[in-house]
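To convert, take the position in the sequence shown, counting from 1, and add 969; that gives the working numbering.
By construction, these hints were calculated from the structure, which means they are not laboratory data.
Don't be surprised by glycine CBs; every beta carbon is placed ideally from N, CA and C.
Among the hints, a few may not be true.
Derived Cβ-Cβ restraints for the label pairs, each shown as a range [claimed, not checked]:
| hint | residue 1 | residue 2 | range |
| --- | --- | --- | --- |
| 1 | Ser1120 | Trp1144 | 20 to 28 Å |
| 2 | Tyr1095 | Gln1263 | 48 to 56 Å |
| 3 | Asp1193 | Ala1248 | 43 to 51 Å |
| 4 | Arg1105 | Asp1209 | 32 to 40 Å |
| 5 | Ala1230 | Ser1120 | 26 to 34 Å |
| 6 | Gln1271 | Tyr1095 | 50 to 58 Å |
| 7 | Ala1295 | Gly1002 | 45 to 53 Å |
| 8 | Ser1120 | Ser1278 | 46 to 54 Å |
| 9 | Asp1225 | Trp1144 | 27 to 35 Å |
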Amino acid sequence: MAFSGKGWLPVDFSFQAMPSLLAEATVRWLHVGDRALSEPFMEHTIDSVRKANPAARLIDTSLDTLLWLGEKLERVQPSGFIFHVSHCGSTLVANAMRHAPGTIVVSESRAITRLMRPYFDPGSVYLRQRWHDLRRKLIEALFRAFSHYLSGTPAPLIVKFTSVDILALSLIRAWWPQVPCVVVVRNPVEVMVANLAGGWWMELKGKPALAREILGWPTLSSVDLGDEEFCARMYATFIDAARAGLDSNCRVVDYDSLDAAGLRRVAHYFGLPLPDDSALTQTFAWYSKDADRQIAFADDRQRKRAMASMAVVDAAERWAQPAYNALRSSLHEP
């Protein structure tokens, strides 16, 4: 299939359990036309256009199609990367960056995570190197496709990664050291309370083989850990990965600093112009993850700390807090 890529987004990959083998790997594309990625998450946009009448078209192609398009399109250097530890305000940051004129914000692309999440080692130097080289080309092609999809010409691109993608921060920094990067963090007790309520972290806990593969815990089984210990250790694993990947072009942003001035500092760091205060203030009017903008924003820091059991507090102090403190002291905010 030969096309310009205009109006099309690569939204997912289909890999087998060990993608380094590359058997029957495909790319799924979604036709969104000139639809902006205005929702908090890319999945929100995908759901919206798929539920439309008529539904947006989906097609599957080989990896070669994406690689071909990546070679055809102009090279793109993203304006900024946003990494985070989950439930820490990163979606608020991404939403604010959407106010920068002409900027495309890709928030938590499933395709990126499919490429960048850890997999078990294939046990072959050749396969390991082939997968390393291929996914470098694939993620470069993804960035080019994202940046060009609206008009066919490159637009400023901000990429907000999923929380698990922080495990690939060192690799992303090695590939794009010039791209400004922020790592958004939050008090571990507050993050743990949010994740203990349900969601991906707790789903992962119930899948010990997958947890071992992703988190790299060779001697720990997630099902043998209490919920609080699992969340605290997972938080620390994310923070340790962030510390390992930080460089002089990375900044740590804490949830406590995410007011309008803090968001402007991030935008300035990314080289993006934001509109006047009245427009930016709208970002704080609703819950950042609510695509319908029906749920009003509420500062939940005190509420989450009050909800924390002694088991949460103890687990955070033992496994999560030391890593959090070390990361916060390592680099200044933008």
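Here is how each hint holds up against the structure:
Remark: the range hint 20 to 28 Å for Ser1120 to Trp1144 is upheld by a beta-carbon distance near 26 Å. For the pair Tyr1095 and Gln1263, the beta carbons lie near 52 Å from each other, so the given range of 48 to 56 Å is met. Taken as a hint, the range 43 to 51 Å holds for the pair Asp1193 and Ala1248, whose Cβ atoms sit roughly 50 Å apart. Arg1105 and Asp1209 have their C-beta atoms about 24 Å apart, which leaves the hinted 32 to 40 Å range violated.
For Ala1230 paired with Ser1120, a C-beta distance near 32 Å keeps the hint of 26 to 34 Å intact. A hinted range of 50 to 58 Å for the beta carbons of Gln1271 and Tyr1095 is consistent with their spacing of about 54 Å. In this structure the supplied range 45 to 53 Å holds for Ala1295 paired with Gly1002, their Cβ-Cβ distance being about 46 Å. A hinted range of 46 to 54 Å holds for the C-beta pair Ser1120 and Ser1278, which are about 51 Å apart.
About 31 Å separates the C-beta atoms of Asp1225 and Trp1144, a value consistent with the hinted range of 27 to 35 Å.
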